[in-house]
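Asks: The sequence shown runs 1 to 168 under our numbering.
Don't read these hints as lab results, they were simulated from the structure. It is possible that some hints are incorrect.
[Stated by the list, open to error] With beta-carbon atoms standing in for the labels, derived distance ranges:
no., residue 1, residue 2, range
1, A123, D157, 36 to 46 Å
2, W161, G109, 29 to 39 Å
3, G109, M83, 15 to 25 Å
4, P74, D157, 41 to 51 Å
5, I95, P158, 32 to 42 Å
6, A106, W161, 36 to 46 Å
7, E149, A106, 23 to 33 Å
8, V121, S164, 41 to 51 Å
9, R111, M83, 21 to 31 Å
10, P74, G103, 28 to 38 Å
11, V162, R113, 31 to 41 Å
Ideal Cβ positions, reconstructed from N, Cα and C, are used throughout, including at glycine.
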Amino acid sequence: MHRIHFSYRRFGIQAVTGRPVASSEDEEDVAHPRPNTHPAARTDRTHHLVRGRSHAQSLPPPRLSYAGLPTPTPYRGPPREKMSYFRITLRRSAIGLPRRTRGVLAALGLRRRTQTVFHPVDAQFAGMIMKVKELVDVEETDRALTTRELRDARRPDPGFWVESAVPR
Numbered sequence: 001m002h003r004i005h006f007s008y009r010r011f012g013i014q015a016v017t018g019r020p021v022a023s024s025e026d027e028e029d030v031a032h033p034r035p036n037t038h039p040a041a042r043t044d045r046t047h048h049l050v051r052g053r054s055h056a057q058s059l060p061p062p063r064l065s066y067a068g069l070p071t072p073t074p075y076r077g078p079p080r081e082k083m084s085y086f087r088i089t090l091r092r093s094a095i096g097l098p099r100r101t102r103g104v105l106a107a108l109g110l111r112r113r114t115q116t117v118f119h120p121v122d123a124q125f126a127g128m129i130m131k132v133k134e135l136v137d138v139e140e141t142d143r144a145l146t147t148r149e150l151r152d153a154r155r156p157d158p159g160f161w162v163e164s165a166v167p168r
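Sequences and hints are given; from them, build the entire structure.
Replies: This is the structure:
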């Protein structure tokens with residue numbers, strides 16, 4: 001067995017090959033693959049071992065159960081009066097535009113001309129709208145409409161009415 005292959009005395013790290021040999025009880029050996037070798041191409045199973053902190057020591061402590069105590073709720077900020085939404089309608093086609101611009105439209109959920117989507121008023125969506133502001137119409141509404149409500153709003157009233165009398 002090879003004892004010490006190389007040493008980084010300045011950093012307090014030693015690398016050895018072969019079986020792990022712990023120098024003290026508080027230090028653990030951590031196995032790392034050899035540098036510059038692909039795991040599938042390696043035929044021998046010799047690893048370099050670095051003494052120091054193991055990966056298990058750097059993990060957070062296990063979660064404790066607090067039986068009988070109320071579950072804490074995360075802070076959500078001040079309560080909002082009313083949620084508002086962006087009503088975004090695609091007015092111009094994205095044919096021939098750069099891939100990033102088309103990607104922003106896809107992220108907003110806009111695929112066809114005159115398609116309307118609703119997103120909450122948020123800085124993330126405001127930034128996306130600013131990227132495609134020449135292509136869309138934006139309104140702020142107090143609630144998001146469903147697709148059925150949008151379709152009913154476009155549908156004309158049934159029947160007909162006389163706009164002007166026809167001379168006889």
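Asks: Look at each hint and say if it fits the structure.
Replies: Verification of the supplied hints:
A beta carbon spacing of about 40 Å between A123 and D157 agrees with the range 36 to 46 Å that was offered as a hint. Roughly 37 Å separates the CB atoms of W161 and G109, a value that falls within the hinted 29 to 39 Å. Our hint of 15 to 25 Å for G109 and M83 holds, since their Cβ atoms are close to 18 Å apart. At about 48 Å, the CB distance of P74 to D157 agrees with the hint of 41 to 51 Å.
A hinted range of 32 to 42 Å holds for the C-beta pair I95 and P158, which are about 36 Å apart. The supplied range of 36 to 46 Å is met by A106 and W161, whose beta-carbon atoms lie about 42 Å from each other. A hinted range of 23 to 33 Å holds for the C-beta pair E149 and A106, which are about 24 Å apart. In this structure, V121 and S164 meet the distance hint of 41 to 51 Å, their C-beta atoms being roughly 44 Å apart.
Between R111 and M83 the CB atoms are about 25 Å apart, so this pair conforms to the stated range of 21 to 31 Å. Taking 28 to 38 Å as the suggested C-beta distance range, the pair P74 and G103 conforms, at roughly 32 Å. A hinted range of 31 to 41 Å for the beta carbons of V162 and R113 is consistent with their spacing of about 34 Å.
When each numbered hint is compared with the structure, no violation occurs for any of them.
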